[in-house]
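Student: As given, the protein sequences belong to chains A and B, one line each in that order.
Going by my numbering, the first sequence opens with residue 11, and the numbers climb by one from there.
Going by my numbering, the second sequence opens with residue 6, and the numbers climb by one from there.
No lab work stands behind these hints: they were computed from the structure.
Any given hint could be a false lead.
Dumping the calculated DSS-like pairs for lysine-lysine here, alpha-carbon to alpha-carbon at most 25 Å [to be verified]:
| id | chain 1 | residue 1 | chain 2 | residue 2 |
| --- | --- | --- | --- | --- |
| 1 | A | K83 | B | K313 |
| 2 | B | K313 | A | K14 |
| 3 | A | K78 | B | K297 |
| 4 | A | K83 | A | K110 |
| 5 | A | K84 | B | K313 |
| 6 | A | K74 | B | K326 |
| 7 | B | K313 | A | K37 |
| 8 | A | K78 | B | K326 |
| 9 | B | K313 | A | K78 |
For each label pair, taking beta carbons as the anchor points, the in silico distance ranges come out as [stated by the list, open to error]:
| id | chain 1 | residue 1 | chain 2 | residue 2 | range |
| --- | --- | --- | --- | --- | --- |
| 10 | A | G33 | B | R318 | 43 to 53 Å |
| 11 | B | N145 | A | N92 | 48 to 58 Å |
| 12 | B | F481 | A | E135 | 58 to 68 Å |
| 13 | B | L477 | A | E135 | 53 to 63 Å |
| 14 | A | R96 | B | Q129 | 43 to 53 Å |
| 15 | B | L358 | A | C39 | 33 to 43 Å |
| 16 | B | T202 | A | C39 | 32 to 42 Å |
| 17 | A | Q141 | B | R318 | 29 to 39 Å |
| 18 | B | H44 | A | E66 | 52 to 62 Å |
| 19 | B | H44 | A | C39 | 42 to 52 Å |
| 20 | A | P106 | B | Q129 | 42 to 52 Å |
| 21 | B | N314 | A | G162 | 38 to 48 Å |
Just so it is clear, CB atoms sit at the ideal spot from N, CA and C, and this is done for glycine as well.
Residues per chain are reported as follows:
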Amino acid sequence: MDEKFTIGMIVNNQAGVLNRVAGLFGKRCYNIDSITVGETENQQYSRMTIVSRGDEYTREQVIKQLSKLYDVKKVCLLPEENAISREHLLIKMHIPAEMKAKATEMINSFGGKILDFWDDCVTVEITDSSQMIDEFIHLSARIGILEICRSGCIAMVQGKDSPLTVEDL
Amino acid sequence: MLITGAQILIEELIQHGVDTIFGYPGGTIIDIYDQLLQHQDRIKHVLTAHEQGAVHAADGYARSSGKAGVVLATSGPGATNLVTGIAAAYMDSSPLIAITGNVATSMLGKDSFQEIDIIGVTQQIVKHSFIVKRVEDLANIIHEAFLIATSERNGPVLIDFPKDVQQAVFDYHPRQNIVAPSAPPQPLFLDYNPAVTAIANSKRPYIYCGGGVVRALAGQEVLGLAEKIQAPIGLSMMGLSGVPSSYPLYLGMTGMHGLYAANLLQSEADLLIAIGARFSDRATGNVQEFVKNRTIVHIDIDPAEINKNIHSRIGLCGDIKEILRQLTHRVQAKTNPQWLARIADCRQEQKALTADPQAFDPQNIVSLVHQFCTDDTIIATDVGQHQMWVMQYYPFEQPRTLITSGGLGAMGFGLGAAIGASLANQRRRTVLFSGDGSFGMNLIELTTAVCQRIPLVIILLDNGMLGMVHQLQGRFYGKRFSQTFLDRPTDFARVAQAYGAEGYTVTNLSEFHEALRQAFQLDTPVVIDCKISQDREALPMIPPGSSIKEIILK
């Protein structure tokens, strides 16, 4: 029953707002898989993307409860079928000499970019959907992961629709 | 005009119609108290004995008047002492403005003396909160705070006000017109058809009202619908006083300690029209049983309440007064003779549960008090068995005449709230029902009641124990009465006298009658300590998580 879902929000760009949003999830026993925040083109507002999981009841309640927060200006579900979602990964891998060719091939096939390399160690960046990032991490585990850092998901609706524009605020 | 932040606060409070505030001074709000002294002819400050008393008083003021209640406290302990009161206001959607001092902005975050991050502490129990870091933002913040507290679903707002901002000077110009905050959102494009059809198809309609009906003063609209479709009315505890109990099909409180007929008929209804209610677990018991075999129409101002605790097939969201007018206009008048006969039967059965009229029983005590009251007398309660007895037996007629802590169930709420409620209504006659447990928590506010000359009759239903928990231990914990007997020698009548109030101790109905007669002649606080039996339980009771099938009557 529990499915992943993605929420997009426009919120006041102020101290404490992240706290209020995260606090609401805590208080109502909702999950946060990932949360990202960044300023929009209007400094007054930030955009948040939250990936959560739950059944239909939870989805409906999360949106309704978030809408009640004073600092939340807009909130909507970003349905998987028509949303573009991306995540950024930084990964530091230990690559033994005999694995080098295989690792390079794998990094290339994911469109990865090598940012830093040493004798037996590389740091790679990858931008893709969260599922592909999961997949890359899974494959990398066979080679040797030293450290990973994921950005959390950011997402937007496809096409000309812009439910989360800040222009009309 | 160049004035300080503290002065701006006073001006803004007055602009927003505040005539009375409740509070307690301290180091980080001296500047505001300095201004209160200078403007004491324009705004009244009520000094309590403890900040908790002040916040409950402000809440009582709000509940009884519909206006925002304002409480002022210093930083640190002053602020943390507000927490229970803010939570009580939050759980019952009461419009409260809590203003706390704080250390100067340069000292924030350094664990300074009496510094507490009260915004963080109260984050989950406020509708919103502000910290004023720049004096130029202050007037707008106060205006927003009043708007938020008193619009849509009401709730508490906290303003944290550092000392240096109170002292900072700003060129202040009062706003020309205050946006009226109380206009509820008009329901737009609502589809009334499903509700109209459900009502037309129902044979046993039942109207169930919650606190939203009280807050919206929608009693007449509820009656309009009820009369047109011949539905009985039951209420949640917070809904009491929302519709007059003199309505012929009035059934009274439902829920865990609701009345027998009100609960039984609710369980037999094929249509439940819930208005301004949020289906608390205390009101529904077992949710599956509660929704079984019936259609639920849920009318509420808060969209998040629709389908939160109960999945209603039909939700109508917006100003309940307007929705009820529209709905009543659209439904066909109907008669339900069989349903009316069933209602009459159930009420007859309920009569068998009446106490012996000679006994010094809570039912007779509450009824006797009612004989001394008028329809506009404010009835406040604390929390526990006495609270349930008042809800069961007091026939409320006018909205906002019941002041009680429902959602939070905060013992110690009553005395402060009663003081605030009376003051909000030109010192109207007020009765506080309390228990020896609840009253013991905050009885220090007797001093406030005395100093403020509140015409307050305090009825203690004193059974020498923490009765509600005792009752649960007796029923569900094998009579293992852990820490619920209060073997205390406290003489509440003499305590009252020590505070400058009158005090009586009574042990039977005729003594009680005489004490009431004297008490209601006075315009000052009186405590009547009623020594009642330890054997009397708050019944009926539907055990937590159960349904009408498990109702305990004896």
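Student: Confirm or reject the claim that B/F481 and A/E135 have a C-beta distance inside 58 to 68 Å.
Tutor: With Cβ atoms ~60 Å apart, the hint holds.
Student: Are B/N314 and A/G162 spaced within 38 to 48 Å by their CB atoms?
Tutor: 32 Å, violated
Student: Taking the Cβ atom of A/G33 and the Cβ atom of B/R318, is their distance within the range 43 to 53 Å?
Tutor: 32 Å, violated
Student: Are A/K83 and A/K110 close enough, with their CA atoms no more than 25 Å apart?
Tutor: With a Cα-Cα distance of about 49 Å, the restraint between A/K83 and A/K110 is violated, given a limit of 25 Å.
Student: Within 25 Å, alpha carbon to alpha carbon, are B/K313 and A/K78?
Tutor: Given pair B/K313, A/K78 holds - Cα atoms ~14 Å apart, limit 25 Å.
Student: Take the C-beta atom of B/H44 and the C-beta atom of A/C39, compute their distance, and say whether it sits inside 42 to 52 Å.
Tutor: 46 Å, holds
Student: If you draw a straight line from the CA of B/K313 to the CA of A/K14, is it 25 Å or shorter?
Tutor: Within the cut-off at roughly 20 Å; holds.
Student: Given the proposed pairing of A/K78 with B/K326, does the C-alpha separation stay at or below 25 Å?
Tutor: 21 Å, holds
Student: Take the C-alpha atoms of B/K313 and A/K37, compute the straight-line distance between them, and say whether it is at most 25 Å.
Tutor: 15 Å, holds
Student: Quick check on a hinted range of 52 to 62 Å for B/H44 and A/E66, using CB atoms only.
Tutor: 54 Å, holds
Student: Please check whether B/T202 and A/C39 have a Cβ separation lying inside 32 to 42 Å.
Tutor: 36 Å, holds
Student: Quick one, are A/K84 and B/K313 close enough, alpha carbons at most 25 Å?
Tutor: 21 Å, holds
The structure does not agree with the numbered hints 3, 4, 10, 11, 14 and 21 stated previously, though it agrees with the rest.
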